[in-house]
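Asks: So the chains spell out like this:
2 protein chains.
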Amino acid sequence: MLLLYDITDDRIRHKVSEACKDYGLKREQYSAFSGQLNTNKREELFMRVKKLLGRHGGSIHLYNICEKDFRLRQTYKVEEPKEDD
Amino acid sequence: MLLLYDITDDRIRHKVSEACKDYGLKREQYSAFSGQLNTNKREELFMRVKKLLGRHGGSIHLYNICEKDFRLRQTYKVEEPKEDD
Chain L
64 MLLLYDITDD
74 RIRHKVSEAC
84 KDYGLKREQY
94 SAFSGQLNTN
104 KREELFMRVK
114 KLLGRHGGSI
124 HLYNICEKDF
134 RLRQTYKVEE
144 PKEDD
Chain G
64 MLLLYDITDD
74 RIRHKVSEAC
84 KDYGLKREQY
94 SAFSGQLNTN
104 KREELFMRVK
114 KLLGRHGGSI
124 HLYNICEKDF
134 RLRQTYKVEE
144 PKEDD
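So the sequences go chain by chain: L and G.
Note that our numbering has the first sequence beginning at 64, numbered continuously upward.
Note that our numbering has the second sequence beginning at 64, numbered continuously upward.
Don't read these hints as lab results, they were simulated from the structure.
Fair warning: there could be bad hints in the mix.
Because identical chains share one entry, a pair is satisfied inside a single copy or across any pair of copies.
What the hints assert, rightly or not - Straight-line Cα separation of at most 20 angstroms, PhoX-like style, residue types lysine-lysine; simulated pairs: (1) Lys113 - Lys140; (2) Lys140 - Lys78; (3) Lys78 - Lys114.
Owing to the predicted nature of the structure, the values given are computational and were not obtained by experimental measurement.
Throw the hints in and build the complete structure from the sequences for me.
Replies: Structure representation (structure tokens):
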């Protein structure tokens, strides 16, 4: 599964990322976590992050991704260039 | 499929979002686009966005998501509260 969020409030966004870590998810990007959770745990986490977001502005998306598709994911990553100036 | 990116350079990030739109993808979040592309188009797009990112810092993730899983995605969205002050 993949959990993505757009949350403007720093404090809430941090809490959502902590919840994802509590469920053993791995950070894929700044606001994207992935992992394998069973249906119960997935629902539990989604309930929790929805509650955290509450009435603050933002959105949370949860995608189930089967193991085959997950293995086939493609990544391109470039380290931030270090600037001396 | 789902294409996510973390790109710090505004200009590059904008170009990547434009490329996603060119391929008919739909914006799901600020830095996440989704859509159904065949394997060729998907590879073509991934090549294009990799080239756009080039040696700038950032990351791009592409997940294939089968139609069944895509239909079962869950979303929670709250409009930004409008503040008068």
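Asks: At most 20 angstroms between C-alpha atoms: does Lys78 with Lys114 qualify within a copy, between copies, both, or neither?
Replies: Within one copy, since 11 angstroms is at most 20 angstroms while 34 angstroms is not.
Asks: When no copy is named, should Lys140 and Lys78 be tagged within, between, both, or neither for a Cα gap of at most 20 angstroms?
Replies: between (26 angstroms within a copy, 17 angstroms between copies)
Asks: 20 angstroms Cα cut-off: does Lys113 pair with Lys140 within a copy, between copies, both or neither?
Replies: between (30 angstroms within a copy, 9 angstroms between copies)
Of the numbered hints given earlier, the model fails none.
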